[in-house]
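Engineer: Taken in sequence, the protein lines are chains F, D, U and B. Under this note's numbering, the first residue of the first sequence is numbered 1, with each subsequent residue one higher. Under this note's numbering, the first residue of the second sequence is numbered 1, with each subsequent residue one higher. Under this note's numbering, the first residue of the third sequence is numbered 1, with each subsequent residue one higher. Under this note's numbering, the first residue of the fourth sequence is numbered 1, with each subsequent residue one higher.
To be clear, the hints were calculated from the coordinates, so they are not data collected in a lab.
Where chains are identical, the list cannot tell them apart; a pair therefore holds if satisfied intra-copy or between any two copies.
Straight-line distance between alpha carbons at most 30 Å, and here's what the computed BS3-like set of lysine-lysine pairs gives:
no., residue 1, residue 2
1, Lys-210, Lys-425
2, Lys-210, Lys-196
3, Lys-196, Lys-425
Number of protein chains: 4
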Amino acid sequence: MPEPVFQKTQVHNLGAHYEAVRALSLSLTANLSDADATAQSMPDASPAKWHLAHVTWFFETFVLRDHVPGYRSFDDRFAFLFNSYYEAEGPRHDRPRRGLLTRPSLDDVLAYRGHVDAAMYNALPLLNDGGRSLVTLGLHHEQQHQELLLTDILHLFAQNPLQPGLWPRGQRDLIAGPGPLIWHEGPSGLIEIGHKGDDFAFDCEGPRHKVHLTPYALADRPVSNGEWINFMESGGYRDPAHWLSDGWAWVQAEGVEAPLYWQPDGAGGWTRFTLSGREPVNPAEPVTHISLYEADAFASWADARLPTEAEWEAMAASRDSLTGHFLDRAGPCRPMVAGHEVGKDRRPHQMFGDVWEWTGSAYRPYPGFRAAEGAVGEYNGKFMSGQFVLRGGSCATPRGHARASYRNFFYPHQRWQFTGLRLAKDMTA
Amino acid sequence: MPEPVFQKTQVHNLGAHYEAVRALSLSLTANLSDADATAQSMPDASPAKWHLAHVTWFFETFVLRDHVPGYRSFDDRFAFLFNSYYEAEGPRHDRPRRGLLTRPSLDDVLAYRGHVDAAMYNALPLLNDGGRSLVTLGLHHEQQHQELLLTDILHLFAQNPLQPGLWPRGQRDLIAGPGPLIWHEGPSGLIEIGHKGDDFAFDCEGPRHKVHLTPYALADRPVSNGEWINFMESGGYRDPAHWLSDGWAWVQAEGVEAPLYWQPDGAGGWTRFTLSGREPVNPAEPVTHISLYEADAFASWADARLPTEAEWEAMAASRDSLTGHFLDRAGPCRPMVAGHEVGKDRRPHQMFGDVWEWTGSAYRPYPGFRAAEGAVGEYNGKFMSGQFVLRGGSCATPRGHARASYRNFFYPHQRWQFTGLRLAKDMTA
Amino acid sequence: MPEPVFQKTQVHNLGAHYEAVRALSLSLTANLSDADATAQSMPDASPAKWHLAHVTWFFETFVLRDHVPGYRSFDDRFAFLFNSYYEAEGPRHDRPRRGLLTRPSLDDVLAYRGHVDAAMYNALPLLNDGGRSLVTLGLHHEQQHQELLLTDILHLFAQNPLQPGLWPRGQRDLIAGPGPLIWHEGPSGLIEIGHKGDDFAFDCEGPRHKVHLTPYALADRPVSNGEWINFMESGGYRDPAHWLSDGWAWVQAEGVEAPLYWQPDGAGGWTRFTLSGREPVNPAEPVTHISLYEADAFASWADARLPTEAEWEAMAASRDSLTGHFLDRAGPCRPMVAGHEVGKDRRPHQMFGDVWEWTGSAYRPYPGFRAAEGAVGEYNGKFMSGQFVLRGGSCATPRGHARASYRNFFYPHQRWQFTGLRLAKDMTA
Amino acid sequence: MPEPVFQKTQVHNLGAHYEAVRALSLSLTANLSDADATAQSMPDASPAKWHLAHVTWFFETFVLRDHVPGYRSFDDRFAFLFNSYYEAEGPRHDRPRRGLLTRPSLDDVLAYRGHVDAAMYNALPLLNDGGRSLVTLGLHHEQQHQELLLTDILHLFAQNPLQPGLWPRGQRDLIAGPGPLIWHEGPSGLIEIGHKGDDFAFDCEGPRHKVHLTPYALADRPVSNGEWINFMESGGYRDPAHWLSDGWAWVQAEGVEAPLYWQPDGAGGWTRFTLSGREPVNPAEPVTHISLYEADAFASWADARLPTEAEWEAMAASRDSLTGHFLDRAGPCRPMVAGHEVGKDRRPHQMFGDVWEWTGSAYRPYPGFRAAEGAVGEYNGKFMSGQFVLRGGSCATPRGHARASYRNFFYPHQRWQFTGLRLAKDMTA
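Between the sequences and the hints, there should be enough to build the whole structure, so can you do that?
Structural biologist: The following block contains the structure:
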């Protein structure tokens, strides 16, 4: 998951933006107990309390400490506890041991947030452009952690035999299942990708540059649970012919035979664990919680492939990244049925929201990329090995956070995010 | 740590005993937050909340379920969550994942305790002897978990960079340091050890049997921190000549160079972490939080050895196991200075309380030992490989729980209990 | 390291080619004892005996079994022992346990080679084009294993405290050290890369396709040992600012502080272990046995970057891949001093031979890539995750094996091959 | 496996003893190739070549270096390679990496043996008593390594899919299967155990001392393969009720369901791998290659227990340790059918030879035990944690090496030695 580096920033309504983002974090955690907010279910995940404090430390450090004379830190020891991975900011608590921090309590962290918010509201009118840019950066940073917070809680609750839900189950989605895949040819030849314009983007989204694409087509929608069940039933998880070598080793070592959180229902069907507890798998919804290895194997089985990130972006560039099924408020969170945008005449649909789409592109720098100076320069560039790019955002991504040029990235075995796939294929000339 | 199996039981004041033991558990955890009570700092440790629930499940299962017609369980799912290791009671939650059980909450567990306590108070007057014996067993079982609960919280808090204390620091112990060791010859020749009489004891404490002891002497008191510092400063942790082979491998692999919880104070001295936070090491106190490997190496360095459990018991048999520095109530908990019983004319002193004393005896069955039938038979016998016996109880052992025949046991590398040592030597004939 | 898939093949002199390649394998192993040829020093490496047998199994299986009616296998059990990773060819001996195969002996394996060679010489005149193509493929395959065999023996001998050499030390290279780096701008804009023409190439080298390159320059030569020592002495291995996050974790976990096989000489300098034993590091030679992580960190420290594979290939396309310092025969094997080609008016020089050059490109399929059908289709495509591309060949690569389009690949932490780097930088427009 | 410390020594025929022991080592390895003698199949095992060299290093170091003025070592680097675990003798090659020592070759090691033997034959007539005692010690030491060498080769060959045999299969044992177990009561009350007299014994066999035994009986013979199959077929490996807790964890983690080297024969029966290759399990032979955990579980399932080492020694004291099925020469090596000594009127029989018998006694020092001074003092005492005692010797133990007081020891999970069991039970008073 990228940490943000600002390039340009929104200069209007910064206070309102700050208030809205900070409030969403609190509402997402309103149903958590102190213990819920403290536990860490695996090294890849962090406690909810830690997320709440870390994003606050970010404002305290890079805005208040560096741009507000006389600011007094809430607690000098918090820098050690709540720095994530910024080597330039000094030593820090071991990531796999975040779940042992029963103190400070959730209430202490909320008080920390209050202290920093008060100082930020005082400071906002007085900040120079550099400071305002860092605030914008901090808000996009906090949005990233909102999504991580939800996926980390989902993972934690999934480990509990009581299978608790964070929110009540929402109304079920009654739209009928998707029809057969339809292929749409995308722009090819010499095109441009990468962020352009003055709006905020992370450093890794640029520089904008030319790429040459050979003719290709993308599917009109993500792969559905029903299609995934076909893959499973045809032995997809047991036939090495479809798998990357590393993926096959992972399947064997971990005993993987279905997406994360799926369990047999005892009657030949499947259930999945969600933020609203365990429920039947809906064949019409996009499949999610799959690894790159699984996505790649499915594509091979389907005689297709994953799109490259350039293909995806070329296709997505003409679409409105603010629409789609994103996170707007605390409450039931799930991908909507594949095809729910059909009829709106914007094809391929569901490119934004619902599920992050694995691409076949390794996460590497664009031509001319240079990381920013200082600690904020550690946000993206240093993660550019071993990971793959995902595009488009998910139902757990705050609306307005994703865009066509947005590059999310995870290791190919990771699948606790809302990850899915869209098929691509080569066009015969 | 042994789980108990009853043989004989106290038949008087069972209700008062029940009330006192159950109340102590609550008072020990009164300062814990929901998060404190949920976290698990290592697979060997359990969350405080889990201890509170597990001992309650013990009464609910072996007394209420099995001896009280019509009892309705508080929550049928708790058996899966709170069974520790009783294979005969069915599958259970993985031990290393106990810290992920943020639900049920601490309040839920307290309600569970209330439900079971109410049922127990109703049932106590009506139980037959078998049922009453199981109650007594359950109370000794709960006392064991009281000690574990404290040592597990100590371990958890020690991982927190904020170094929180459970209780305020008590008044420091002003008694001057101990004098030189004095050796006392113990009973030798053909003697008897093992539990006798009708009072409660665990199954592994019997049968009482004869052993032949060659002449030996025990030190009048445990080894002190000051003596341990001498060992450290003379290179004790760096010279393989003193160490068991497994111990030397452990020292090298773990980088051990001092007792658990010790850190340099930056001025050439040492601090230790306690249930009241970090404090200077008091040279007069018994050393604690050492492994069998360390105890054995120290004894070798001191040209002595560890006592066998038979030697220890033969020496302790004439002493009153109710006196000594034990746990009486919630509050500061630490070994008292070595020698604090001097002058009371009961030598060797500090055999009961202060620190568990590693013996050189592997934990194996006594001649004629047979485990009880059924689930309760799993308590002790199945742990009889790879562990060493400790004797005497500690400052965290509830008073009345230990006795001369009591056999505690841990693996030779474990040291998060209040473990120390007393030296022994052979008497030249 | 890629396994080969043929596309086109050499149709002339196939018998002579076969004879030459097979003979080189034998001469490379002539100095090995049965034990030398059997041991396996790590899971990534294979025993020399296994290499000799595996490449023979390849001919026996894909040529003799599939194209020569009536062929009788030498030993039916060898398919299980000497299949490398072809899932379609059935189960096989665990890779990390290859070193336990003391039987068949080296003599048995040589007899196996003789049996297959005899059958091959009989079969060659009769093979159809498909069969001949598989022979060519098998020869390129064997050349790959010749390089692996040497690097695996180097790794094995490096573990031996006696530090044995495979060959006597060759005459030292007396050419003076290289001068300062000189930058050469490469072809940019819309270019083509990938294999073209009828000569043999592996499937992953195509299809040939267009890529768009922004202006860049490459250094005239690989980075030298002397420059690497500067990096080390300026704290390069201890400053996280230069490192990829995964690389920094690797440096910390493995305690890396120099290239593989380097040791301090006790007088402030360095030695390196080679196929001729331990010797002083020559500052003029190209650095080798470094990981992608180290290469990337060096480039960052030098305010440069690694070339992409497209940049490298665009620059190399006009050069003769048959020249350069390659493996021609059994005997001392080492990179030649950086700059040894200077004066030959072919700049940048040393692109072919000496050391494999890490690129910044992840090993992924080219547009339109499709793996071949059947077992041979497993050779390249299934390894396309998590690895980086290297270009140009090394002093241990048989001459004629590498070419401008050749894509070698390894994981970013691996460094037992002859791996080095050449710097690149962006040209400001 | 104990390393020896001498106490008294044989003073007659030392030269003949030396010649016989040294010759047996060579004959045991006569069928091994250089590669066979170099490979190491697990960290617990050592290469045959290493055994041959290590026992030679022992004579070279403790006899020739320390007692023969002017002795010139064969190769000064061998001390680093062939020291096993004597910390006092300085650093040494990592045990798990012994299999990478392809140099020195087997021929080099044989030359080393020749060099040392020549010096020893010259020295023997001139040695003082101390030197002669060390020779005796070295011979007993070499005998221990003869057994380890065979069990290590057995383990290595068992990993090879070709399933090679070291020796041709011997004539099958035609004696009919054993009858039902017969129980024999042993000496009880106050008895003495431990070595006495002037013959050689290891330090851990003494001091001789009194122990008190409650009445018990031992079975007349070891448990047979047929009885073990009954245990397996009754679900013995799947029922935790019979197992020590550590044993049950081991069974689960390792997926153990039969003795080591056993495999189903595909027709409902079992085969076992031996030094003569794979063969059907003979129900009449003593079971072997079982762990202490398995032995203990079997005993529990059979409503019996393991004998203590004192019980075993009390029963064995009156028997002749030179008789029994021991190793006399190179050639087929296997336990003989249970009951083969029946009729010879020495009951219980098969106490010496055939299989080492696990006892229920942890390997700990006897009262008054003190390790010897210097490097030889590391032989036994430092291994006295975590291991269990085995008694009696096996078919792979050189005749004359074992005796009634002999204490062998291994960790409870280890089973690559010829380990079996004999049942014991308490006599009701």
